[in-house]
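J.: Sequences and hints are given; from them, build the entire structure.
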Amino acid sequence: MIEFVQNVRLWFAPEQVREEGSTPDYRFSLANERTFLAWMRTALALIGGGFAVDQFLPDLRWGWRVGLALALLGAGVLCSLRAVNHWMRCERAMRRGEDLPASRFPALLGVVVAVVAVAMVVVVLVGWEG
Amino acid sequence: MSGEALSVRDPGLQPERTRLAWRRTTLASTVTAVLAVKAALHGGPSAFGIVACALCCGLWLAFLLLAHERIRALAATASPAPLAPRHAASVVLCTLATAACALALVI
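Each protein sequence line maps, in turn, to chains A and B.
Every letter in the first sequence is one number past the one before it in numbering that gives the first Met the number 0, and letter 18, counting from 1, is 17.
Every letter in the second sequence is one number past the one before it in numbering that gives the first Met the number 0, and letter 42, counting from 1, is 41.
Bear in mind the hints are in silico, worked out from the structure with no lab data behind them.
Accuracy of the hints is not assured; some may be wrong.
Listed next, with one range per pair, are the computed distances between beta-carbon atoms [to be verified]:
{"#": "1", "chain 1": "B", "residue 1": "Arg16", "chain 2": "A", "residue 2": "Phe104", "range": "20 to 26 Å"}
{"#": "2", "chain 1": "B", "residue 1": "Gly42", "chain 2": "A", "residue 2": "Ala101", "range": "24 to 30 Å"}
{"#": "3", "chain 1": "B", "residue 1": "Ala46", "chain 2": "A", "residue 2": "Val117", "range": "37 to 43 Å"}
{"#": "4", "chain 1": "A", "residue 1": "Ala37", "chain 2": "B", "residue 2": "His67", "range": "15 to 21 Å"}
{"#": "5", "chain 1": "A", "residue 1": "Arg103", "chain 2": "B", "residue 2": "Phe47", "range": "35 to 41 Å"}
{"#": "6", "chain 1": "A", "residue 1": "Leu80", "chain 2": "B", "residue 2": "Ser45", "range": "27 to 33 Å"}
{"#": "7", "chain 1": "B", "residue 1": "Phe47", "chain 2": "A", "residue 2": "Gly66", "range": "19 to 25 Å"}
{"#": "8", "chain 1": "A", "residue 1": "Val7", "chain 2": "B", "residue 2": "Pro44", "range": "23 to 29 Å"}
All C-beta atoms in this analysis are idealised placements derived from N, C-alpha and C, irrespective of residue type, glycine included.
T.: Listed below in structure tokens is the structure:
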């Protein structure tokens with residue numbers, strides 16, 4: 000958590016990042032940028048999913064609808080924060096010539112999406128009449 | 000031989016791929032913006048709905064501008080500079096603000 004706060008300061012201080020180590024091959028930086036963008040698309044899709052649940056499942060009970068929408072929106076927010084944080088960590092690791100950071104986040108996100116999907120199936124099958 | 004070729008043209012087309020990745024991301028943000036506008040104006044226009052709609056459209060425009068700026072930077076040179084952290088953080092802030100709008104609209 001403390002590391003995350005330190006990284007947040009770095010987001011707005013590019014000079015500090017450039018001081019460290021040596022500039023990697025531009026192709027590695029671009030690959031890192033594309034990974035960041037792919038995570039951003041995932042985040043945008045999750046946020047869009049939150050809007051869609053609220054819009055296109057109007058027959059659901061209020062609690063279920065808002066709960067599902069909030070879960071998707073929360074996942075989108077986490078995903079975008081993690082995207083920029085991970086991008087920054089990879090960029091610094093490449094500058095210092097260290098190994099790229101490992102991450103549990105993809106597994107976590109996979110489990111969350113699976114749980115939301117199962118909840119959706121249950122809600123659509125059972126809660127439709129309710 | 001390959002060193003010579005690399006300096007002339009990147010055989011991996013990295014800048015082009017990155018440019019297209021930005022394009023895909025603007026498409027994703029467009030879809031989100033359309034869903035946001037639909038959610039904001041659902042059930043007749045209200046003062047809150049119109050403000051939320053304008054905010055989401057503004058955020059979408061900001062997103063497009065950021066992407067456009069980066070795409071131009073990528074096209075300008077053969078070996079473009081890495082993405083600035085401030086730029087990445089701005090993109091994330093746009094997304095977070097859209098999520099905040101969504102939160103206000105859902106609840």
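J.: All hints are to be evaluated individually against the structure, with a verdict given for each.
T.: Quick rundown of the hints versus the structure:
1. Distance hint check for arginine 16 of chain B and phenylalanine 104 of chain A: the Cβ-Cβ separation is about 23 Å, which falls inside the suggested range of 20 to 26 Å.
2. Checked against the hint of 24 to 30 Å, the C-beta distance between glycine 42 of chain B and alanine 101 of chain A comes to roughly 47 Å, which is inconsistent with it.
3. Under the hint 37 to 43 Å, the C-beta atoms of alanine 46 of chain B and valine 117 of chain A, about 39 Å apart, fit the expected range.
4. Remark: the range hint 15 to 21 Å for alanine 37 of chain A to histidine 67 of chain B is upheld by a beta-carbon distance near 19 Å.
5. The hint said 35 to 41 Å for the Cβ distance between arginine 103 of chain A and phenylalanine 47 of chain B, and at roughly 39 Å that hint holds.
6. Separation of leucine 80 of chain A from serine 45 of chain B is about 31 Å and conforms to the stated range, judged on CB atoms against 27 to 33 Å.
7. Between phenylalanine 47 of chain B and glycine 66 of chain A, the C-beta spacing of about 22 Å keeps the proposed range 19 to 25 Å intact.
8. Judged by the Cβ atoms, the range 23 to 29 Å given for valine 7 of chain A and proline 44 of chain B is violated: they are separated by roughly 37 Å.
The structure fails hints 2, 8 (numbered hints given earlier, in ascending order).
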